[in-house]
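*Asks:* With chain A's structure known, arrange chain B on it following the hints.
As a plain string of letters, each chain reads:
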Amino acid sequence: MAEITDLGIAGIRDGFRAGDFSAREVAEAFNSAVAAGKALNAFIIETPDHAILAAEAADRARAAGELLPLSGVPLGIKDLFCTAGYQTTAASHILGGFTPPYESTVTGKLFAAGAGMLGKLNMDQFAMGSSNETSYFGNVVSPWRRNDGGNAPLAPGGSSGGSSSAIAARLVPAATGTDTGGSIRQPAAFTGIAGIKPTYGRCSRFGIVAFASSLDQAGAMAQDVRDSAILLEAMCGFDPKDSTSLDVAVPKWELGLSSNLKGKRVGIPKEYRVDNMPFEIDALWKQGIEWLRDAGAEIVDVSLPHTRYALPTYYIIAPAEASSNLARYDGVRYGLRHLPDGANLQDMYAATRAAGFGPEVKRRILIGTYVLSAGFYDAYYTKAQKVRALISRDFEDVFKSVDVLLTPTAPSAAFALGEKSADPLEMYLNDVFTVPASLAGVPAMSVPAGLDGQGLPLGLQIIGRPLDEQGVLNAGLAIEERAGFNAKPQNWWSN
Amino acid sequence: MSSYRIQGATGEWEVVIGLEVHAQIVSKAKLFSGASATFGAEPNANVSLIDAAMPGMLPVPNQECIRQAVKTGMALNAEINAWSRFDRKNYFYADLPQGYQISQLYHPLVGEGAITIDPDEKAGIVEAKTIGIERLHVEQDAGKLMHDQHPTSSYVDLNRSGVALMEIVSRPDMRSPAEAGAYLRKLRSILRYVGSCDGNMEEGSMRADVNVSVRKAGDSFGTRTETKNVNSIRFVMATIESEANRQVDVIEGGGRIVQETRLYDPDRNETRSMRSKEDAHDYRYFPDPDLLPLELTEDFLAACKAELPELPDAKCRRYESELGLPVYNAAVITADVETARWFEELVVETGKPVGEVGRTASNWLISDLFGALNRLGKTIDGSPVSPRQGAELLGLIADGTLSGTLAKQVFEIMLETGIDPGKIVEERGLRQTSDTGAIEQVIAEVMAANADKVEEYRGGKDKLFGFFVGQTMKAMAGKANPGVVNDLLKKALS
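Protein sequence lines correspond, in order, to chains A and B. Okay, so the first sequence: first residue is 1 according to the working numbering, each after it adds one. Okay, so the second sequence: first residue is 496 according to the working numbering, each after it adds one.
Since the hints were derived computationally from the structure, they do not count as laboratory data. Please read these numbers as outputs of a predicted model, since none were measured by experiment. There's no promise every hint is true.
As the list claims (entries may be wrong) - Derived list of chain B stretches under chain A, where covered just means 3 residues or more per stretch with a C-beta under 8 Å from a C-beta of chain A:
1) 574–587
2) 592–599
As the list claims (entries may be wrong) - Interface residues of chain A toward chain B, partial, derived using beta-carbon atoms under 10 Å:
3) ASN147
4) ASP148
5) ASN151
6) PHE206
7) GLY207
8) ALA212
9) GLN385
Said to hold, decoys possible - Derived pair list, reagent style DSSO-like, types lysine-lysine, alpha-carbon separation capped at 27 Å:
10) A:LYS386 with B:LYS523
11) B:LYS584 with A:LYS241
12) B:LYS948 with B:LYS974
13) B:LYS948 with B:LYS985
14) B:LYS903 with B:LYS847
15) B:LYS711 with A:LYS362
16) B:LYS948 with B:LYS969
17) A:LYS241 with B:LYS523
18) A:LYS264 with A:LYS400
19) A:LYS252 with A:LYS264
20) B:LYS948 with A:LYS383
21) B:LYS956 with B:LYS985
22) B:LYS617 with B:LYS711
23) B:LYS903 with B:LYS948
24) A:LYS241 with A:LYS109
C-beta atoms are modelled at their ideal positions from N, C-alpha and C, and glycine is treated no differently.
Just chain A, with the same shape it has in the complex (with noise of 0.2 Å):
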């Protein structure tokens, strides 16, 4: 038998149904690499004895005959999450040593399914990055290397970077996400394994640490399609406590999937072919393009004429609801308070938040503020939002025609860590793929489709229509089936 580590969702729920192991010993395992993993910092906090008590509640459920659907699968929560009783950071100075007394929505609906909590993942500071370099806590490591023999540490991609390189280096079978920008989708392209976006509304943003309200969406990262369908599966419903929740049911994804794209029209967008894209993602966005026909899928050149300007937009929106979102981080309530000698209310403010806020977090409060300020909103942050309705324009019209559409998911390989950190512009040109389904809120996915010539996985993307994330994961097995992507980064990291 395969170690237990190895196995994801769908492996350890059958596995523990029959009998294979107990919810303990997969707990035990788990727990086991997660402290043999630190070198990969992919951990903010580890909580080992939430995985056990779910553990040994799942293993009395099993005697009992009542299992839950997740019941004796462990997993990490991306440190974004408010979790009762557990220090919740975002990654941030300013939210350090904060305990939330309640519960996230989307970690409440995973733990009444039954499943237990490792620890809380690593990731940029308030989501805000793309190579996890921005967390207070010290960057997360990607447990892939260059095939070249250097040892250069690599990005693990971001904001849900912790969350990635845990899954690829088996410290967990599968971890939520957000994705804002891009989030789940470029981690999972640069570590190898899957991660959804699903439509907006679909989770609950209930107790999740806010970055930019319109965009936020909290998804699934897992080794492969069927698990990221059947976390995704437990992780939403329609939530009265987020206006912006949609009341709608949750299809039965896991069930639902099929490769067979018989009748199913896959767009390839022709503006998501940039300057300098290196030619093995072209390549590699061209074998995908075969292996849908082959599927049976009927491929349709199309055009999202506004996706140029989408990053742009993105660059304007999302720290403009930044900078309001942050702006309870005062010191006055809870987490960080600097109170020099002397100082009244707006000495206080501004020592705390010099303090709490990483370099990345500042930038984009100041863009926020600045995009939204009198004499320069109208300029941007209307502008703005006239562009993001154009590209939602786009994704209706394409859809009218297609049933999903395939690019790549990011513009690179994993980068090593540092090497983008000081242009923070070209740090941003790595959304470029993922930001126009995050403005739209249509649902997207990446799944590994190869390696590139230093041996690191390349993803493709597939975006679907609102509330189609079956029609996505579809389109994602079929790719999954036939690229029979099983690398796995060599084991570097357990001591």
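*Replies:* Relative to the frame of chain A, chain B by itself:
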């Protein structure tokens, strides 16, 4: 037109006034959270995770607050926007946990409406006047800082944080402190009728920002100042008076009015500068991305309309026409919803047609009951006498059981003891007598004891008639029916 003018050295100045009223919406819960919105709890007793702006908390609109605001808009004859939206007003302050207030700048719930203020000759309002309402929008209240709890720190009480407010913005249509006072009283009256705000200015459930400018008649508007958070009608009127005079002095002294925010100091009866336009906040308003636009269905609007009570103006007209009340009585009774409710119950309790008892009942309520409540320092909802008891008293007067004088005595006893008037009459024997035999006997005694006066009266000194009435009543301990006494006296003296 108001004739109110400031007499300056260079002539007469006209005052232009606009009011922004913040009215706390009556509802069990806050605008975006389930925490209680009641006044007077221990500090921070009514605070939810949302009100404290904990990480990841999200606002969910309370439909009851929206319903109240829509009904208020309808009562102001205003246009209701079936599509409106919440915006964030961003600024930092310790009483504002989110770092922004959720308000409505770009698309308010309620658009243009109007309020009519009634003529009041004494106050210089010669005829009814319509004051335009520019808009009404819904927003969150902030918390409260307490500076007197600790020598070097301030404490924060978030009980008010997130409580629903309506901001009702008038047009700059008022021209005197009296008009502003009348506008506020009328607005408060309407809010209380609708039940959307208790109008209690002492508890802060209604406060006004006062915009004032001055100009020479016929000139365009002058630069205005805004005096924030004035918390009584009297202070609003005083603010206008002192601020207008200050502005005239500044201009006539060669100065210029700067657009600024000011505060009213009631102890010194003056306004002083809080911050000028240069230091004004840039609130960076933008649509709240946590909330969807507020879309009201036809059904919801129809239900709001159906729930609207009869409003003071309509009620006043009906009291005049249907009940035959004098204009003054109708206006006084309909000015406050509780008074009108009390009055209507009183009329019902008499069991007689309104046209028959309305006028008498209104006179009794305005003179006797109001007089007593004033004396006792009580409002009508705290009246020691109930409408049923009032009706019983009116019945005893109407059927001749009580004379006016006796009725006043009985009423005093009711106020003191809360006992029903019928019982008082029985127990204390305060029934008036119309027994002609008894009265004739007393009259005979009075005349015998005052033979000289009888002579004088018969000699033409008519004025003495009152003397005989008084003596007879006194002898009968006030219980004789005055009408019968009059008749019998006239007969006996002739």
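*Asks:* Quick one, are LYS903 of chain B and LYS948 of chain B close enough, alpha carbons at most 27 Å?
*Replies:* Measuring from Cα to Cα gives roughly 30 Å; hence the hint is violated.
*Asks:* Hint validation: ALA212 of chain A versus chain B, beta carbon distance must be below 10 Å. Holds or violated?
*Replies:* holds, 7 Å
*Asks:* Hint check: LYS948 of chain B vs LYS985 of chain B, CA-CA at most 27 Å. Holds or violated?
*Replies:* holds, 14 Å
*Asks:* Run the distance test for LYS241 of chain A versus LYS523 of chain B: straight-line Cα separation, threshold 27 Å.
*Replies:* holds, 18 Å
*Asks:* Are LYS617 of chain B and LYS711 of chain B close enough, with their CA atoms no more than 27 Å apart?
*Replies:* Given pair LYS617 of chain B, LYS711 of chain B holds - Cα atoms ~24 Å apart, limit 27 Å.
*Asks:* Was the hint right that PHE206 of chain A lines chain B, CB cutoff 10 Å?
*Replies:* This hint holds: PHE206 of chain A lies near chain B, its Cβ roughly 5 Å from the closest one there, short of 10 Å.
*Asks:* Using Cβ atoms only, decide whether ASP148 of chain A comes closer than 10 Å to chain B, and label the hint accordingly.
*Replies:* violated, 42 Å
*Asks:* Mind taking a look at whether chain A covers the stretch 592–599 of chain B? Criterion is 3 or more residues with CB to CB distance under 8 Å.
*Replies:* holds (count 4)
*Asks:* With the threshold set at 27 Å, check whether the alpha-carbon distance from LYS948 of chain B to LYS974 of chain B stays at or below it.
*Replies:* This hinted pair holds, its Cα atoms lying about 24 Å apart.
*Asks:* Mind checking the alpha carbons of LYS241 of chain A and LYS109 of chain A for me, to see if they're no more than 27 Å apart?
*Replies:* Within the cut-off at roughly 14 Å; holds.
*Asks:* Within a Cα-Cα threshold of 27 Å, do LYS386 of chain A and LYS523 of chain B meet the stated pairing?
*Replies:* It is violated: about 39 Å lies between the C-alpha atoms, which goes past 27 Å.
*Asks:* Need the status of pair LYS903 of chain B, LYS847 of chain B: alpha-carbon distance at most 27 Å?
*Replies:* At roughly 22 Å apart (the allowed maximum being 27 Å), LYS847 of chain B and LYS903 of chain B satisfy the hint.
Going down the numbered hints, you'll see the structure goes against 3, 4, 5, 10, 15, 20, 23, while the others check out.
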